[in-house]
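*Asks:* Whenever a hint applies, use it, and build me the whole structure from the sequences.
Taken in order, these protein sequences are the chains called P and H. Using this note's numbering, read the first sequence as starting at 1 and increasing by one per residue. Using this note's numbering, read the second sequence as starting at 269 and increasing by one per residue.
What the hints contain is simulated information worked out from the structure, not anything from laboratory work. Among the hints, erroneous ones may be present.
EDC-like mimics (lysine to aspartate or glutamate), calculated; alpha carbons at most 16 Å apart, straight line [claimed, not checked]: (1) P:23 - P:65; (2) H:428 - P:100; (3) H:491 - H:535; (4) P:136 - P:104; (5) H:428 - P:104; (6) P:121 - P:105; (7) P:121 - P:104; (8) H:428 - P:105; (9) H:431 - P:116; (10) P:139 - P:100; (11) P:7 - P:69; (12) P:7 - P:65; (13) P:76 - P:65; (14) P:135 - P:105; (15) P:135 - P:125; (16) P:76 - P:12; (17) H:431 - P:104; (18) H:431 - P:105.
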Amino acid sequence: MNEPILKVNNIEVVYHHVVLVLKGMSLMVPEGAIVALLGSNGAGKTTTLKAISGLLPLEDGEITDGGVEFQGRSLKGLAPQQIVRAGLFQVLEGRRVFEDLTVEENLSCGAYTRHDRAGIKADLDKCFHYFPPLKKRFKNLAGYLSGGEQQMLAISRGLLARPRLMLLDEPSLGLAPLLVEEIFGIIAEINRQEGTTILLVEQNAQMALSVSSYGYIMESGRVVMDGPTERLLADKDVQEFYLGLGTGGGRRSYREVKHYKRRKRWLS
Amino acid sequence: MDIFLQLLVSGVATGGVYALIALGFVLIYKATHIINFATGEFMMIGAYLCYTFLALSGIPIIPTFILVMLCAAVLGFLVERTILRHMLGQPVISIIMVTIGLSSILVGLTEIIWSSQFESFPPLFPRAPLDLGFVLVRSTLAYGFAISMAAVAVFALIFKYAKAGVAMRATAGDQMAAFSMGINVKTMFTFAWALGAIAAALGGVIVGNIGGISPVLGAVGLKIFPVVILGGLDSIGGAVVGGFIIGVLENLAGGYLDPHFGGGVKEVAPFVIMVLILLVKPHGLFGKEDIERL
Numbered sequence: 001m002n003e004p005i006l007k008v009n010n011i012e013v014v015y016h017h018v019v020l021v022l023k024g025m026s027l028m029v030p031e032g033a034i035v036a037l038l039g040s041n042g043a044g045k046t047t048t049l050k051a052i053s054g055l056l057p058l059e060d061g062e063i064t065d066g067g068v069e070f071q072g073r074s075l076k077g078l079a080p081q082q083i084v085r086a087g088l089f090q091v092l093e094g095r096r097v098f099e100d101l102t103v104e105e106n107l108s109c110g111a112y113t114r115h116d117r118a119g120i121k122a123d124l125d126k127c128f129h130y131f132p133p134l135k136k137r138f139k140n141l142a143g144y145l146s147g148g149e150q151q152m153l154a155i156s157r158g159l160l161a162r163p164r165l166m167l168l169d170e171p172s173l174g175l176a177p178l179l180v181e182e183i184f185g186i187i188a189e190i191n192r193q194e195g196t197t198i199l200l201v202e203q204n205a206q207m208a209l210s211v212s213s214y215g216y217i218m219e220s221g222r223v224v225m226d227g228p229t230e231r232l233l234a235d236k237d238v239q240e241f242y243l244g245l246g247t248g249g250g251r252r253s254y255r256e257v258k259h260y261k262r263r264k265r266w267l268s
Numbered sequence: 269m270d271i272f273l274q275l276l277v278s279g280v281a282t283g284g285v286y287a288l289i290a291l292g293f294v295l296i297y298k299a300t301h302i303i304n305f306a307t308g309e310f311m312m313i314g315a316y317l318c319y320t321f322l323a324l325s326g327i328p329i330i331p332t333f334i335l336v337m338l339c340a341a342v343l344g345f346l347v348e349r350t351i352l353r354h355m356l357g358q359p360v361i362s363i364i365m366v367t368i369g370l371s372s373i374l375v376g377l378t379e380i381i382w383s384s385q386f387e388s389f390p391p392l393f394p395r396a397p398l399d400l401g402f403v404l405v406r407s408t409l410a411y412g413f414a415i416s417m418a419a420v421a422v423f424a425l426i427f428k429y430a431k432a433g434v435a436m437r438a439t440a441g442d443q444m445a446a447f448s449m450g451i452n453v454k455t456m457f458t459f460a461w462a463l464g465a466i467a468a469a470l471g472g473v474i475v476g477n478i479g480g481i482s483p484v485l486g487a488v489g490l491k492i493f494p495v496v497i498l499g500g501l502d503s504i505g506g507a508v509v510g511g512f513i514i515g516v517l518e519n520l521a522g523g524y525l526d527p528h529f530g531g532g533v534k535e536v537a538p539f540v541i542m543v544l545i546l547l548v549k550p551h552g553l554f555g556k557e558d559i560e561r562l
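*Replies:* This is the structure in structure tokens:
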């Protein structure tokens, strides 16, 4: 395994000074890899990403314990724009394109922290190569794009920032299955071609594990299981609760589910 | 017919000046979603600064304009940094009250620094009225119109094409996303306040040059409300069109109706129009209605 580019060390996150959301969350992302962060609603996946990218204070959250290290440097106290400049870019959940701006202007916002015109131009061509529909829609208002096109735009903005590490928050959200497959294919290609390290948050565990090499599974604010993708895919619990591959497909009694919950506590 | 043309042309010219002042509101509102009720006082300060540099210090006209713009930018910068920044995330009504309070403070400061006397401006421009062939336009109004339009064009270009302008619009659209792009949102707010203050101060200089200055010059700022509401608070094009509509209608109402009602119609007309238009189009004529995707 390569050197870790990102280390999250046992962080604790509190919202509004009272709500404890992350309770000792740790993870590690090796340089050049795609790492998946899975878990159900409210497990704290998005919070983890925002804690890394410095967006937490905007929602009145703060890291009260532990720390985040990016390329061996602590990100403590850095403002979001400094973190972007350091090479860490988060693609927010729900696309969040600037609806009143054209596709072109949206993309230029992605490259906001850069000043090398030639490099930006080259990366723009790359975006068109990965996402051809954007070229056709270049002068259109982003608000009028389809959901899939908006997701392409959101990822392209990330590409144009030329990050070393991209945090992708639920790229499959609200997209048709075929489109999801296409987007994930492109994410894998970006990782291969551009060497961008990716930390991927997903509810669609199947899709996420199909492109990643290592996975973490979160539940109520901490990691309950992690391992190389093959091991996670082979795990009985993961199969049942995240991949929907029940054993046999017959009805199961509630007792067995509870049994799982008991076991889960030992796991964590 | 002659009277009509005369009223129309001076209405358009006045409207151009209104458009510039309206930009003072729009530039700030667009980026920060704050309505600056002290815009009129920014105008007044601009006018007094111009008066000081030009009449009291004897600085030539072009450097005076540059100095006024610089000072206005500093004023906007200070107001944002020292006051509004601490109001981030507070309820809208508190922020509005803060800007209203600010306007009183600025009036008070002006009276302390310059006295509350009415002063008339030294002539900025050649006095001969501009002859358009069919009508004559007062030179102060004609030059004021030209300067306003040039300034509006510059502001519009900044917003449309400059990197900072695009970033400001992005910030207005989605702050969290703007942060995630690495845009320094707080700097954008400061920048917007500086630009808004410049627009207002320039407008103030022109208004002061037309009618003289006193600490109540800011009251003209109130008249701009119909303009911005009409055009939509977040639209530069709307501010321009709104300015023309209000300017022309106000002049026509003044010219034709005032004699029958014993005066006052000119002052009321913009607000009547504002109410009527809001009844039909609550977002203003050009205001942004959110794009809804289904």
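*Asks:* Holds or violated: residue 428 of chain H and residue 105 of chain P, Cα atoms, limit 16 Å.
*Replies:* With a Cα-Cα distance of about 9 Å, the restraint between residue 428 of chain H and residue 105 of chain P holds, given a limit of 16 Å.
*Asks:* Please verify whether residue 136 of chain P and residue 104 of chain P have alpha carbons no more than 16 Å apart.
*Replies:* Satisfied, since the Cα-Cα distance of roughly 11 Å is no more than 16 Å.
*Asks:* When you check the alpha-carbon spacing of residue 76 of chain P and residue 12 of chain P, does it fall within 16 Å?
*Replies:* Roughly 13 Å separates the two Cα atoms, so the pair holds.
*Asks:* So if I understand the rule, the pair passes when the alpha-carbon distance is 16 Å or less; does residue 7 of chain P with residue 69 of chain P pass?
*Replies:* Holds. Residue 7 of chain P to residue 69 of chain P sits at ~5 Å (cutoff 16 Å).
*Asks:* Please work out if residue 139 of chain P and residue 100 of chain P have their alpha carbons no farther apart than 16 Å.
*Replies:* 12 Å, holds
*Asks:* Given the hinted pair residue 135 of chain P and residue 125 of chain P, is their Cα-Cα distance within 16 Å?
*Replies:* Holds - the C-alpha atoms of residue 125 of chain P and residue 135 of chain P are around 9 Å apart, at most 16 Å.
*Asks:* Are the Cα atoms of residue 431 of chain H and residue 105 of chain P separated by 16 Å or less?
*Replies:* 9 Å, holds
*Asks:* For a C-alpha distance cap of 16 Å, please report whether residue 135 of chain P and residue 105 of chain P respect it.
*Replies:* The hint holds at about 13 Å.
*Asks:* Residue 428 of chain H and residue 100 of chain P: Cα distance at most 16 Å?
*Replies:* 12 Å, holds
*Asks:* Regarding the pair residue 121 of chain P and residue 104 of chain P, is the alpha-carbon distance no greater than 16 Å?
*Replies:* Distance ~12 Å between residue 121 of chain P and residue 104 of chain P Cα, so the pair holds.
*Asks:* Residue 491 of chain H and residue 535 of chain H: Cα distance at most 16 Å?
*Replies:* With Cα atoms ~8 Å apart, residue 491 of chain H and residue 535 of chain H stay inside 16 Å; holds.
*Asks:* Taking 16 Å as the top limit, are the C-alpha atoms of residue 23 of chain P and residue 65 of chain P close enough?
*Replies:* 9 Å, holds
In summary, this structure violates none of the numbered hints.
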